[in-house]
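Let the hints inform the model, and build the full structure from the sequences given.
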Amino acid sequence: MNDQHDHDFGDDKLSAIYQQSCVEEPPMKLDSAILAEGRKAVAKKGKWWRASWITPMATVSVAVLAVAIGMLNKSMVNEHEVIMEKKAQDAMIMEDSAEPVREMKSLGNIESMRQSAPAPKAAPEASGMAAPAPAPAPAQLMEQEAVAPAIAPAPAMKRKAAPAEKMELRSREGMVAEPQQFIEEMDLAKPQAKDEVLKPEAWLEKIRELKAAGKDEEVARELELFRKAYPDYEIPKAYLPIN
Amino acid sequence: MQPSDEALMLRYKDGDAAAFESLYRRHKGALYRYTLRSCDSHAIAEELFQDIWSGVIAARSRYTDSAKFTTWLYHIAHNRLVDHYRANGKWDEFLVEDEVAEDCAVAAPHSQPEKQSELNRQIKRLLECIEQLPAPQKQVFLLKEEAGLALEAIAGMVKESREAIKSRMRYAIGKLRNCMGDEL
Chain W
1 MNDQHDHDFG
11 DDKLSAIYQQ
21 SCVEEPPMKL
31 DSAILAEGRK
41 AVAKKGKWWR
51 ASWITPMATV
61 SVAVLAVAIG
71 MLNKSMVNEH
81 EVIMEKKAQD
91 AMIMEDSAEP
101 VREMKSLGNI
111 ESMRQSAPAP
121 KAAPEASGMA
131 APAPAPAPAQ
141 LMEQEAVAPA
151 IAPAPAMKRK
161 AAPAEKMELR
171 SREGMVAEPQ
181 QFIEEMDLAK
191 PQAKDEVLKP
201 EAWLEKIREL
211 KAAGKDEEVA
221 RELELFRKAY
231 PDYEIPKAYL
241 PIN
Chain S
1 MQPSDEALML
11 RYKDGDAAAF
21 ESLYRRHKGA
31 LYRYTLRSCD
41 SHAIAEELFQ
51 DIWSGVIAAR
61 SRYTDSAKFT
71 TWLYHIAHNR
81 LVDHYRANGK
91 WDEFLVEDEV
101 AEDCAVAAPH
111 SQPEKQSELN
121 RQIKRLLECI
131 EQLPAPQKQV
141 FLLKEEAGLA
151 LEAIAGMVKE
161 SREAIKSRMR
171 YAIGKLRNCM
181 GDEL
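Residue numbers (our numbering), protein chains in the order written: chain W, 1 to 243; chain S, 1 to 184.
Worth flagging that the hints you see were computed from the coordinates, not collected in a lab.
Here the structure is a predicted model, which means the values were calculated and not measured.
Hints should not be assumed to be uniformly reliable.
Think about it this way: if two alpha-carbon atoms lie no more than 25 Å apart in a straight line, the pair counts; the simulated BS3-like pairs of lysine-lysine are [what the hints assert, rightly or not]:
1. 166/S / 29/W
2. 138/S / 13/W
3. 13/S / 40/W
Cβ-Cβ distance ranges computed for the label pairs, FRET-style [as the list claims (entries may be wrong)]:
4. 15/W / 25/S: 19 to 25 Å
5. 14/S / 71/W: 38 to 44 Å
6. 59/W / 79/S: 37 to 43 Å
7. 53/W / 79/S: 31 to 37 Å
8. 2/S / 15/W: 23 to 29 Å
9. 27/W / 66/S: 23 to 29 Å
10. 55/W / 25/S: 33 to 39 Å
11. 56/W / 66/S: 40 to 46 Å
12. 53/W / 1/S: 47 to 53 Å
13. 162/S / 13/W: 21 to 27 Å
14. 128/S / 25/W: 17 to 23 Å
15. 36/W / 1/S: 25 to 31 Å
16. 65/W / 66/S: 40 to 46 Å
Computed from the model, here is a short list of chain W residues facing chain S with C-beta under 10 Å [to be verified]:
17. 17
18. 22
19. 23
20. 30
21. 31
22. 89
23. 226
Even for Gly, the Cβ is constructed at its ideal location relative to N, Cα and C.
Encoded structure:
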């Protein structure tokens with residue numbers, strides 16, 4: 001703001017003369033140097049890493065990346081848990097499948113395996129073969145009934161597939177102790193499976209018939225099976241082989 | 001309509017190199033003459049002149065249009081000049097106030113009369129007289145004549161009171177008139 005006193009700030013005549021003297025200009029080389037410096041200064045500012053948008057974009061990018069990594073890590077953990085759970089379930093299934101095998105092994109009862117398999121057709125034949133077969137002893141019936149429910153929960157244990165299954169179970173640790181024994185037992189049990197499950201007396205009658213027919217090898221085999229099935233049963237001498 | 005100095009400087013602040021070139025071409029002459037008349041030689045004046053513009057470039061991020069561009073530019077220029085005087089041991093000269101206008105005896109560099117137009121003689125004489133002024137008075141005179149700054153702006157720049165600056169100008173004018181003598 002100029003007031004009255006500022007009007008005489010300076011001298012008009014001297015100013016007029018001085019303004020006529022304003023002819024000096026900087027040399028051109030000086031102009032070039034200064035203008036180049038001015039351009040260079042803002043050229044630096046134009047670098048992409050100095051852009052005003054770079055910092056927010058970098059921040060957002062880092063945040064998105066962090067979230068993505070977190071989500072990926074979580075999905076990997078879940079997937080691992082699912083796999084472990086499935087393995088545990090498979091192990092439990094295999095363990096459940098092995099239970100009937102262990103039970104049959106502990107019982108040493110081949111007839112229990114025959115009872116677990118559906119063999120309705122064999123019943124009449126067995127009945128025919130063992131026509132004079134006496135009624136099963138109450139103790140034996142109780143034993144069979146006790147075994148059957150134990151086996152029932154393992155429907156996968158099919159009789160025909162038993163050897164193969166035994167082989168599969170054998171591949172698992174600690175599931176079957178003497179697989180060969182079972183295989184042999186299953187092989188021996190095959191013929192009998194076609195017939196009904198024989199009671200001791202019926203079985204012995206069969207053995208006697210084989211003996212009378214001169215089939216000593218079969219007699220020996222049947223006796224061996226009988227002894228395994230009924231270890232406590234006293235076999236009469238008449239049924240034993242001569243030698 | 002051409003953009004103002006303040007608008008150009010703000011554009012340069014945002015990265016417009018062309019705006020800086022426009023500003024430079026508008027003010028280079030006046031600023032060059034200000035430094036030339038304030039120094040002892042052309043070489044020093046050119047060095048200071050380039051240094052002043054380097055200061056403008058470096059300080060562009062701090063510029064705001066709250067002050068006139070010319071005030072801001074000559075503030076930088078004045079500070080550079082003060083630094084120069086201090087660095088060269090001439091700071092006392094910058095502070096000396098020779099307020100005795102009547103006793104100013106300015107000797108013309110050429111004693112032989114020259115056949116020149118009256119204006120040319122006056123110009124030449126005036127420049128010689130300005131050169132003889134004490135630094136504080138010279139600064140006030142040049143800031144008014146070259147930069148076109150008002151009394152208050154000059155006072156703020158040199159950190160003196162308004163009355164001190166007014167007095168300084170009065171003494172400068174008195175000495176110049178005395179020096180011009182018959183040429184005026």
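Verification of the hints:
1. 166/S / 29/W: violated, 38 Å
2. 138/S / 13/W: holds, 17 Å
3. 13/S / 40/W: Cα-Cα ~13 Å, so holds.
4. 15/W / 25/S: 19 to 25 Å: holds, 24 Å
5. 14/S / 71/W: 38 to 44 Å: holds, 41 Å
6. 59/W / 79/S: 37 to 43 Å: The hinted range 37 to 43 Å holds for residue 59/W and residue 79/S, with Cβ atoms some 39 Å apart.
7. 53/W / 79/S: 31 to 37 Å: At 36 Å between Cβs, range holds.
8. 2/S / 15/W: 23 to 29 Å: Hint holds: Cβ distance 25 Å, inside 23 to 29 Å.
9. 27/W / 66/S: 23 to 29 Å: Taking Cβ atoms as reference, residue 27/W and residue 66/S lie about 34 Å apart, which means the hint is violated.
10. 55/W / 25/S: 33 to 39 Å: holds, 35 Å
11. 56/W / 66/S: 40 to 46 Å: violated, 28 Å
12. 53/W / 1/S: 47 to 53 Å: Distance hint for residue 53/W, residue 1/S is violated at roughly 32 Å.
13. 162/S / 13/W: 21 to 27 Å: Once the Cβ atoms are compared, 24 Å apart, the range 21 to 27 Å for residue 13/W and residue 162/S holds.
14. 128/S / 25/W: 17 to 23 Å: For residue 25/W against residue 128/S, whose Cβ atoms are near 20 Å apart, the range 17 to 23 Å holds.
15. 36/W / 1/S: 25 to 31 Å: About 29 Å separates the Cβ atoms of residue 36/W and residue 1/S, which means 25 to 31 Å holds.
16. 65/W / 66/S: 40 to 46 Å: Holds: the Cβ-Cβ distance is about 43 Å, inside 40 to 46 Å.
17. 17: Result: holds, 5 Å to nearest chain S Cβ.
18. 22: Check passed: Cβ of residue 22/W comes within 6 Å of chain S, closer than 10 Å.
19. 23: With Cβ-Cβ at 9 Å, under 10 Å, it holds.
20. 30: holds, 6 Å
21. 31: holds, 7 Å
22. 89: Since chain S brings no Cβ nearer than about 66 Å to residue 89/W, farther than 10 Å, the hint is violated.
23. 226: violated, 107 Å
Checked against the numbered hints above, the structure breaks hints 1, 9, 11, 12, 22 and 23 and satisfies the rest.
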